[in-house]
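**Student:** Sequence:
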Amino acid sequence: MKRYNPSEIEPKWQKIWQNDGRYVADDADTDKDKFYISPMFPYPSGAGMHVGHAFEHAIVDATARFQRAHGKNVLNPMGWDAFGLPAENYAIKTGTPPQVATQQNIANFKQQLARMGSSIDWSREINTTDPEYYKWTQWIFTKLFERGLAYQKESAQWWCPVDKTVLANEQVEGGKCWRCDSVVVKKSMKQWFFKITEYADELLEGLDEIDWPEHIKTAQRNWIGKSMGATIQFDVNEHDEFITVFSTRPDTIFGATFLVLAPEHPLVDSIATKDRRDVVKDYVLAATRKSEIERMSEAKEKTGVFTGAYAHNPATGEPMEVWVADYVLWGYGTGAIMAVPAHDERDYEFATAFDLPIKSVIEKPDDNPSSNYVYSGEGILVNSGAFDGESSSDARENIVAWLEENDRGTQTTTYKMRDWLVSRQRYWGAPIPIIHCASHGAVAVPEADLPVVLPQVDDYAPKGEGGSVLADEKTWVSTTCPTCGEPALRETDTMDGYACSSWYLLRYTDPNNTEQAFSSERVNAWAPVDMYIGGDHAVAHLLYVRFWTRALNDMGLVDFKEPVSRLVYHGYVNANDGTKMSKSKGNVVDPLEIIDQGYGADALKTYLLFMGPVDDDSAWDSNGVAGVYRFLNRVWTLTQEFHNAIKLDELPTDSELRRLTHKTIKRVTLDIHRLSFNTAIAALMELTNDLYKLKTDGFSEEWRDTLKIVSQLLQPVAPHISAEMWQQLHNGDIGETDAITMLDFTQWPTWEESLIQDEEMTIIVQVNGKLRAKLRTPVATPADVILQMAREDVAVAKHLTGEIKKEIYIPGKLVNIVC
RNA sequence: GCGCGGGUGGUGGAAUUGGUAGACACGAGGGACUUAAAAUCCCUUGCCCAUUAAACGGCGUGCGAGUUCGAUUCUCGCUCCGCGCACCA
8 MKRYNPSEIE PKWQKIWQND GRYVADDADT DKDKFYISPM FPYPSGAGMH VGHAFEHAIV
68 DATARFQRAH GKNVLNPMGW DAFGLPAENY AIKTGTPPQV ATQQNIANFK QQLARMGSSI
128 DWSREINTTD PEYYKWTQWI FTKLFERGLA YQKESAQWWC PVDKTVLANE QVEGGKCWRC
188 DSVVVKKSMK QWFFKITEYA DELLEGLDEI DWPEHIKTAQ RNWIGKSMGA TIQFDVNEHD
248 EFITVFSTRP DTIFGATFLV LAPEHPLVDS IATKDRRDVV KDYVLAATRK SEIERMSEAK
308 EKTGVFTGAY AHNPATGEPM EVWVADYVLW GYGTGAIMAV PAHDERDYEF ATAFDLPIKS
368 VIEKPDDNPS SNYVYSGEGI LVNSGAFDGE SSSDARENIV AWLEENDRGT QTTTYKMRDW
428 LVSRQRYWGA PIPIIHCASH GAVAVPEADL PVVLPQVDDY APKGEGGSVL ADEKTWVSTT
488 CPTCGEPALR ETDTMDGYAC SSWYLLRYTD PNNTEQAFSS ERVNAWAPVD MYIGGDHAVA
548 HLLYVRFWTR ALNDMGLVDF KEPVSRLVYH GYVNANDGTK MSKSKGNVVD PLEIIDQGYG
608 ADALKTYLLF MGPVDDDSAW DSNGVAGVYR FLNRVWTLTQ EFHNAIKLDE LPTDSELRRL
668 THKTIKRVTL DIHRLSFNTA IAALMELTND LYKLKTDGFS EEWRDTLKIV SQLLQPVAPH
728 ISAEMWQQLH NGDIGETDAI TMLDFTQWPT WEESLIQDEE MTIIVQVNGK LRAKLRTPVA
788 TPADVILQMA REDVAVAKHL TGEIKKEIYI PGKLVNIVC
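What the first sequence shows, in our numbering, is residues 8 to 826, in sequence order.
In short, the hints are calculated from the structure, not lab data. Hints may be right or wrong, so weigh each one.
[To be verified] Straight-line distance between alpha carbons at most 25 Å, and here's what the computed PhoX-like set of lysine-lysine pairs gives:
#  : residue 1 : residue 2
1  : Lys9      : Lys22
2  : Lys673    : Lys481
3  : Lys197    : Lys481
4  : Lys22     : Lys202
5  : Lys654    : Lys670
6  : Lys654    : Lys592
7  : Lys568    : Lys202
8  : Lys288    : Lys193
9  : Lys9      : Lys700
10 : Lys39     : Lys820
11 : Lys142    : Lys183
12 : Lys183    : Lys171
Can you make the complete structure from the sequences, with help from the hints?
**Tutor:** Next comes the structure, spelled out in structure tokens:
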């Protein structure tokens, strides 16, 4: 009897999969429905794949194989998000050019993936650092530039002093750099931006149309942060100036008792009275010198100073002190607020700290249990002149209308989202395709001159003063203006790596096109992605890719607005103790190690999918791999026993065998369909356990069908053992290639509902909702007979203490007797 | 603080629209096979009570209430954990 030996069979099938191009997606095949699936392409780090990658690929591969077996034309591509800091920092340390290290890392990843037995279409491999790829990233940049969606602006931005580059808001996590965890600072520089804010509303509305996890949608909604409200003008007394504030609660304007400006607000300087000028200056200086992180951590302590200036409330006509305080942020709204201490927690805190007037204008509803002094909810207006008695929502409209009539304000919408800062002062990225000309300003590099190839340099270390090392490449930098031909200089900043990953899903559909980024025909045929799988980037990448797609749609290059129809967001694979795997703790599990221990790729993938639901975090348990290996071994042994046994024509247990088989087809099919791999695998384990009981009666020919179906059902998660079994079950009459072609593309087994039905049913009998007995009766037993049986059952009768008040019968399932 | 998830045995986790709680697996215990071990196969395994033998016993899905014949599932309140955002006006 042949033993189950993954280290023997797995390389054999992997070789065939790799060599015969069977997983190359057919662009011309329009008979089949397409199914486009992709993982979030990885950064090819020097550390190689870890089990988290393996988990992701197990999900992708199982789904791809499942869909392929359902007759879909499957596109399952792979690529490398290869620009980025680790390779560059490695270059600074060792002198190895990032180009070289990246190639090595990719080769390593590919080797690892091959050993996982993935059904990837390698003919579409993408590498963002390949000039043939970033040529088109640059081309899209120039298109965005033409439309005003890429622009340059001098402004204060997040700067990482360690990585010596600016960062996008999305790359600052809790005031720290997402890459190196150092505290970031604000620095004023001229930078390139993508105008994502122009798409704020569209990006918000588009969320309603896509099948993405709710928490991701919520994260994006919060990030975009749309608020409806009003901008209101307050005249400053004795000045020809007014202060514009933004408020979501114009209904509380009668309760606005003072104004607060952000320290960066330009009016602070001009309106401060002589006697207050020094105090104000000191405060502003101190506030702006404080890092954002300090301002955040000191959040609870309100500080501020009076400017000496007064404004007045347009609604009440009453005077209002104008203060400066750092709890008002310059970056949001207008950088100034009307303070309504009675109905806003922060304003209340500030008012009590500095003894400013508090005036209640919204009546707290009687049923509101909050005992706070501040009531920030909605209610009925009081102390609000003509608006008394109106509800907050009515008053909001009416007060804004009144402000508009009197030129004192307008309805306004604001967003928290800022434009996407894309320039980076680092080497290892796609050069921004812009030429700066003395007479024409920033000019896009014409398509014919693309790509702007990243030059080889000697020293990769960033200089730190606002430019990348490319600035030192004098011959590269000096060029001529595409418009006038005069000497001009190249832009030396590179693009954020997120730019490169914002359109790769589109490039996969036409990856070798040298004339275009992609042909419309191809991209519209394959995209949008039917299933996109990842476990990272809730906002950044997943927002950017939506933004670019919408911009490309507006350019007429793609005819869809959302790039990803369905997003599957998987959990993390944690270490045994539930904590994150990390190099420093030495608890990182290497997938190859598991394979090499003899468990094989099939057991590894099956285990990863068996651990729990795909969207849950899970804890790695090496005993679990052993358990799944044991299961595969049992399936294997069963096949061998069948193969060697003398088959009987027929067995009395055949109908039971058929019933179990069809029941399992149904369960596995529906489970994989809803990505519930863990229960699908459990169903196959149950069937296997049942088969071990049935086999004591011997094997009939009927078993061949069952075992073939088992290998088909197992194929998505454990493709190697399935292929081997499949071939064997054809008595070796077919070759390897035919065997897997059959397995890959043969129609997925279907179940017959009639075969699943048992002749008997189990009726649960409850008394007062408590289980007291189970009845086995023929399926057709009428209700009154069942009720009779239920009442007469010994275990039930014992609990029927009083008069029967009610009897509930759910046909075929349950009886509940109430007494 | 706000938003989003979640709390089920020793562990990971099952449980279509409310209808047998704990599938499947790990771990643990016992047995078979073996000179022995590994591997394999079989049995037991939520807790408590009872036990010479015997379940037709009680409790049980974070806590407390509610709706219902019936709640892990629905409603309300509380609590704890995880994640995201965070002085966003």
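**Student:** Each hint should be assessed against the structure and marked as holding or not.
**Tutor:** Against the structure, the hints:
no. : hint               : result
1   : Lys9 with Lys22    : holds (21 Å)
2   : Lys673 with Lys481 : violated (67 Å)
3   : Lys197 with Lys481 : holds (21 Å)
4   : Lys22 with Lys202  : violated (47 Å)
5   : Lys654 with Lys670 : holds (24 Å)
6   : Lys654 with Lys592 : violated (55 Å)
7   : Lys568 with Lys202 : holds (17 Å)
8   : Lys288 with Lys193 : holds (20 Å)
9   : Lys9 with Lys700   : holds (22 Å)
10  : Lys39 with Lys820  : violated (41 Å)
11  : Lys142 with Lys183 : violated (32 Å)
12  : Lys183 with Lys171 : holds (13 Å)
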